[in-house]
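Enquirer: Sequence:
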Amino acid sequence: MKKSTKGFTLIELMITVAIIGILAGIAYPSYQDSVRKSRRADAKAALMGLSNAMERHFTETNSYIGAAVGCSPNPGIYCVPPQTANFYNITINAATAATFTIQAAPTGTHTDPRCGTLSLTHTGVRGETGTGTVAECW
1 MKKSTKGFTL IELMITVAII GILAGIAYPS YQDSVRKSRR ADAKAALMGL SNAMERHFTE
61 TNSYIGAAVG CSPNPGIYCV PPQTANFYNI TINAATAATF TIQAAPTGTH TDPRCGTLSL
121 THTGVRGETG TGTVAECW
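In terms of the working numbering, the sequence shown opens at residue 1 and continues consecutively.
Among the clues, some could well be false.
To be verified - Here are the simulated distance ranges between beta carbons:
1. G132 - I26: 19 to 27 Å
2. E12 - E136: 37 to 45 Å
3. E136 - L13: 39 to 47 Å
4. A98 - V134: 21 to 29 Å
5. G108 - S30: 20 to 28 Å
6. T121 - G70: 41 to 49 Å
7. A68 - V125: 46 to 54 Å
8. L13 - V125: 54 to 62 Å
Said to hold, decoys possible - Taking lysine to aspartate or glutamate and the DMTMM-like style, the derived pairs with C-alpha atoms no more than 25 Å apart in a straight line are:
9. K44 - E55
10. K3 - E60
11. K3 - E136
12. K44 - D33
Calculated directly from the structure, the hints in this document are not laboratory data. Backbone N, C-alpha and C fix where the C-beta goes; we use that ideal spot for every residue, glycine too.
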């Protein structure tokens, strides 16, 4: 009478580990790209919100000068949402009486080589400093 053994052979186990490794090697970069895109969408939304706040400030004061980004205890004309502030530094880069340029620069461990720093001007001109194009990033 022959004993039947149950379980996996070493070859079967090695093949399974190799398949999992290949799938992880493909899936992880795709996941990272999706995370970058969602964070970039948050930054674009924050830039649009700040742009609207800048226009309200201009309507009230007839100048873009004096506008500031901030939340309590130092409130400004716009409070950047925490999910965006954790990954992008939203700033008013240049403001004169009649013009402004606002920027969203990646911070901390978050990097975005394709789009880099996103920018928006008072006329709605959009920009980026990465290796991609404005159409890809915006």
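Enquirer: Hints the structure violates: just list their numbers, smallest first.
Expert: Numbers 6, 7, 10, 11 - these are the hints that the structure violates, sorted from lowest upward.
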